[in-house]
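There are 4 protein chains.
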Amino acid sequence: MKIEQYRIDQHNERLLGKHNNQFIFAKEQLGEQGIDANAVVKTLQAFQVAIPSWALGTGGTRFGRFSGAGEPGSLVEKIEDVGILHALNRSSGSISLHIPWDIPSDANAMIDLATSLDLKFDAVNSNTFQDQKNQELSYKYGSLSHVDPKVRKQAVEHNIEVIKYGKELGSKALSIWLSDGSCFPGQSNFVRSFQNTLESLQEIYAALPDDWKVFVEYKAYEPNFYSTVIQDWGSSLLFCQKLGPKADVLVDLGHHLPNANIEQIVATLMMEGRLAGFHFNDSKYGDDDLTVGSIRPYMLFLIFVELVEGMKRAGKGSDGFAWMIDASHNVKDPLEDLMQSVEAILLSYAQALILDSKKLEIARQNNDVVLAQQLLQNAFRTDVRPLVREAMLHSGGSLDPIGLFRDLKIRENLISERGTVTVATGL
Amino acid sequence: MKIEQYRIDQHNERLLGKHNNQFIFAKEQLGEQGIDANAVVKTLQAFQVAIPSWALGTGGTRFGRFSGAGEPGSLVEKIEDVGILHALNRSSGSISLHIPWDIPSDANAMIDLATSLDLKFDAVNSNTFQDQKNQELSYKYGSLSHVDPKVRKQAVEHNIEVIKYGKELGSKALSIWLSDGSCFPGQSNFVRSFQNTLESLQEIYAALPDDWKVFVEYKAYEPNFYSTVIQDWGSSLLFCQKLGPKADVLVDLGHHLPNANIEQIVATLMMEGRLAGFHFNDSKYGDDDLTVGSIRPYMLFLIFVELVEGMKRAGKGSDGFAWMIDASHNVKDPLEDLMQSVEAILLSYAQALILDSKKLEIARQNNDVVLAQQLLQNAFRTDVRPLVREAMLHSGGSLDPIGLFRDLKIRENLISERGTVTVATGL
Amino acid sequence: MKIEQYRIDQHNERLLGKHNNQFIFAKEQLGEQGIDANAVVKTLQAFQVAIPSWALGTGGTRFGRFSGAGEPGSLVEKIEDVGILHALNRSSGSISLHIPWDIPSDANAMIDLATSLDLKFDAVNSNTFQDQKNQELSYKYGSLSHVDPKVRKQAVEHNIEVIKYGKELGSKALSIWLSDGSCFPGQSNFVRSFQNTLESLQEIYAALPDDWKVFVEYKAYEPNFYSTVIQDWGSSLLFCQKLGPKADVLVDLGHHLPNANIEQIVATLMMEGRLAGFHFNDSKYGDDDLTVGSIRPYMLFLIFVELVEGMKRAGKGSDGFAWMIDASHNVKDPLEDLMQSVEAILLSYAQALILDSKKLEIARQNNDVVLAQQLLQNAFRTDVRPLVREAMLHSGGSLDPIGLFRDLKIRENLISERGTVTVATGL
Amino acid sequence: MKIEQYRIDQHNERLLGKHNNQFIFAKEQLGEQGIDANAVVKTLQAFQVAIPSWALGTGGTRFGRFSGAGEPGSLVEKIEDVGILHALNRSSGSISLHIPWDIPSDANAMIDLATSLDLKFDAVNSNTFQDQKNQELSYKYGSLSHVDPKVRKQAVEHNIEVIKYGKELGSKALSIWLSDGSCFPGQSNFVRSFQNTLESLQEIYAALPDDWKVFVEYKAYEPNFYSTVIQDWGSSLLFCQKLGPKADVLVDLGHHLPNANIEQIVATLMMEGRLAGFHFNDSKYGDDDLTVGSIRPYMLFLIFVELVEGMKRAGKGSDGFAWMIDASHNVKDPLEDLMQSVEAILLSYAQALILDSKKLEIARQNNDVVLAQQLLQNAFRTDVRPLVREAMLHSGGSLDPIGLFRDLKIRENLISERGTVTVATGL
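Residue numbers (full-length UniProt numbering), protein chains in the order written: chain A, 1 to 427; chain B, 1 to 427; chain C, 1 to 427; chain D, 1 to 427.
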């Protein structure tokens, strides 16, 4: 199923009067503060966030999964789903594959399909946190860090195979989330686990094409509940330092201990030139994988403030980083959930872009804490929805993606196409 | 020092054109959604949040205090400071006294002064977490829960004396925050501590005038670092149930364990008819006592959503509860900090008031989680600053309290009046 | 497979010399402190902790499950597994069934089997957190709290059916863990969810036999990641108060927010006469369901200190409460893991039993915090393993359950009996 | 006041029979496991933990301080207090000075006094988290990271002065805990703060004598409640990498986010050769500064397991690291509290020393998680108090330091010497 452009245009037409009114007002208001709304809109248009192939089906917990209907049952259908998303919001222009859940048996066909939907292939993801059918050795006790060199070898080879798939598709990065760790004190030797992992990563690193990157993700806990080999950004950075310049740190918002100041971590990693990008989601307790911006929108904004500043400092655009949504949709339609996530990201980005950073620096120089807070809050409290809508509109997307998704009964169509019992691969 | 009304009016005049433009736009937008902006403004005008007498000086931590200048050195000066605040924002119309830091030796004079500034006396607060000079028995090991009945008696009598002061001033509630607890496992017998405390509270309860309430606050930890006698809302409620209908639970936003869902606690207490009110502040780690809304504004909004719904259900207005700011101003001018807090509270309240609760209930009935989230976010993402400003304007306050405070060089004036070395009593 | 007593006796014989030496030393040492080791041993012998039917297979996480081999594939095999455990440690004399995972189609046969293994049937557990095949209505959006009365009715009837199964087996309690809640702000109306749940529970309560109890468990989060209907002990107690004297609060050690003082919660619930019992496990981050005592053994001891004191106060023995292990065995043999859990529980209980509570009360009266801590630590630092072994020995169990389990190659036997691909029902 | 050796000997004599009995039993038991108790005792004797000069008075919180009596009012008296401690436990053979609270005006006299008490001077500590009287520029908004180079310069010079004092006393390290950070989002520029701090540290580093080290401590929060410049071990390590080989990371057990796996941090820092040492204490919520081992003794043991392994790997003894107690004694006699802390440290060390690390490595190689846990627990559950007592006895200390302290009425003597109103400098 594909959304024809005229349907989007028709829908927009009905909303245009109201939108224009709102956008003009926002533009005026921002103009009085010396901010060029059109420039912000252009920057927003350039922002693209990847959709992972495992995020198109209903997620679950260890207590079970309540599947939805009309889920994509194949890689083709997953790419089509991302195509629908991107047609609606024009900001989800790439897909991030997970191997082996979504092995592209016919790479050219996949590229053609993606291209027809204006999609690219983002970082490819390996999986050594599960055993696959017919897998020779088990990852029950680890993969890249395993005490047994044969298991490590198997895991390294899997990663190298993932690179191979990625090369065929035009990806430029391998993303590694390592669930290795331990559930009990004593279970593993921290130092040996680190060194085993380092050796494994070095072998993978050696297999990286010249123009590729490897992203090293960290996570405080889960599915291991006592320790993880790469428990925090400090550990990730240590690995990257030892690996070389092609290794960067990937931040997942849900992978921290309670109350962590993530925006400062982001700033530090950018200062070191070691931020790979983000896995966006939100959480209240742990790695809850909730819709981006649904719990702590102000923190998301603060992160974007650091990102905007860091990009400026590094002279990079948003295309210099890997952005991906990594949420689980336990009680929502996955496509609607993703639209809410993308919107939340763009809103935070817009708020960060309208922040008066010059005044902010002056306030900081003066230790005028009250003013510094006020400047941030002014940006955050501004209704930037018209800017995000304008960006989508300019790029050919919908002024109201979820509204149109529902009007066009897209899920109902997908169900009639695919049936109610398909279950997307993934968690 | 007192702010003359004409100064406020002059200042507003300069801002009025811009404000009217913004308010009219907001009103139109809300009107299209069926919301009466003027009604919201009226409801906002009626909202008054108390300022505690200890919040007018610079706060500190156990590592020290960096005092500001021009702090109020007497109760008279503290009341005058609240008068300044209230003149500027017209939403801080009461002061909450702390005994023995601010004993009103001449109650009538204090009432006259307060009345002249349009202020009332809110709940009075007792203090048994510190030893005062010449105090007979120490609270080092507890007060209302102490193993020694003589210490408990002293603490009970102090609370009864606080009621006496409150009666003279026209207060209608005694607020008890009990720091009692233990620093080490084994130090105290949980059950005896509870029962000692209950007996003490019953004696205090018996001394309450008929039209008074007693507020029982809970706190998870600090200054005791292993246990506290009233550790959570469940403990507070248990005490209140045993005490009787005049005892209600007071919620301080910083007194919870990490990740607590405070809005649900609020809903439950309102359901039980046992919510006394709030001590507003914000925090990232513990009882950080930061400016309201500076860290987790969305959570503050969610709390107000419950408050608005609970008030509706109970047929009560915002004057049926005790609202107070309880923040510490370590690095900000206390008055500016309080203005930021009051503004954040009003913004959250306004956002909750414009929430389309009927649509929300329908979405909930349909388990339309996407729509339910969208409705909340629509309210939160709306720029409600014009509504709050309009409310202040209508009540005779300033369109930009902090701006005017700085324009009028109020702190500089206070410094020249009071000097740089006064230190306000408090923490 | 069943362990013959003579094998246990043979194994013990080899260890007896060493054990006697250790026990005699421990007895002497305790005797000098006025503690009767034999009395402690007797009290330990009387302690029985239930094994849930779902804990005999390998557990998993949302990221996957690494199954072990030789897992029980039927209720009969599960009962046999508990029989093995109980034969080895004589402290696991009951099984707690989970419906519908383990429906006892032939109750009499199950009772006969259990009796032959010296086992009883503990509380029965309902499940409304998953959908079963052919289930009419889904629990995706809740069960007892669901907005739709038809779903609530289905969930109530399921619970009543569970009571029916329990009655056939001789159980005396229904244990309800309700996963109901919400994943996103706005998704549910807290007050209506509470009231719907209360109504549902009242219907279930009405169906309880006179000599039954209903256990109301609370949990802060997971699988719902924004709110849960019964989020903490305060909520559980509120439900129990409204239900009546047959409803008590069940505590699961992993169901709290970070840093919670659980031992104080236990003390408060016992004070109110509302502690149903425990789901034992351990955790570092959330509901990690790790082996009891593997992470925070001192906290477990502190809980037992409260339990021992509360039992004394109430004039009850350990058979007056429901004790159960609720752990997940992701990387260990389930039976070995359960043996480690039972041992940890008994050790903590033994430590609490040798605590000099009279001296402790005197130290508390004197606010001698140093001595109070020392008394607790003295008990905790004492090597009480000989006492636990003596208790097992006296009851006919093994001096070294895991050692014997390995010597007898019990798992290998189970694998050859059951094969490597059976997967036990459960999580 | 000084404790004569004969008093210790007399006291020991009374306890010796019982102790010998216990030690012989422990020795036999360990011997059967192939562990040489005497070797463990010798290793324990060599362990010395520094006492900070600020830990000899009663601590407080931001809510107040309940001073004890007989506190040391001068540096001389503080050194004497450490002398008492060391005489009793022979394991507290050094003192760590804090400047400017304890400026040694006459260094030679201090050295003579210390030498007479068998004490050395450990790392010296700077303080830029408070303003001192007559200080030119304030640290209200930071010190080494301050936006104003003049403030940074003042802070750098203070640190260089501290080194000077340390050189006079024979110290070999400067310990820097930097409270710099921010209380509100926006207040500070993370990157500039980092870089300002780095420059400041580089200047201090340049002033270090060749045989000195600088210890860089991290802390997640407090007294800044939004961000700290050195928030975690990763930040500390980054600074140390940029500074050079004389800079190492100092770990304070209370300076982490909830649930942090500190033992893994320790292992990683030792792997990198960057662990400076420890500030020992314990906590349940935050930086509670409670007695070592009073809350999480098993975690302390796990940390010592890593320390023992790391020392072995590095071929270093315990004298290759800086150990210090950094606790606050709000409700205990400071000297008794310190004795409890030292004892807890030695017990954990002893438990780690008797761990069968060879078997553990084999279990790890076999992924025998059950056995690995059992090995750790065997060590932890062993009563090692006789070993610690034997070590103290051999070194000339007391078999029961707190008992003797009370028998000799040392505090009462100090009170009669010093009076009841002295207040030790510190927090």
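Hint data in this document are derived by calculation from the structure and do not stem from the laboratory. Please note that a few of the clues may not be correct.
As the list claims (entries may be wrong) - Calculated lysine-lysine pairs in the PhoX-like style (CA-CA distance at most 20 Å, straight line):
#: 1; chain 1: C; residue 1: Lys316; chain 2: C; residue 2: Lys409
#: 2; chain 1: D; residue 1: Lys27; chain 2: C; residue 2: Lys18
#: 3; chain 1: C; residue 1: Lys27; chain 2: D; residue 2: Lys140
#: 4; chain 1: D; residue 1: Lys140; chain 2: D; residue 2: Lys153
As the structure is a computational prediction, the values presented were derived from the model and not from experiment.
| Against the structure shown, which of the earlier numbered hints fail to hold, in ascending order? | 1, 3
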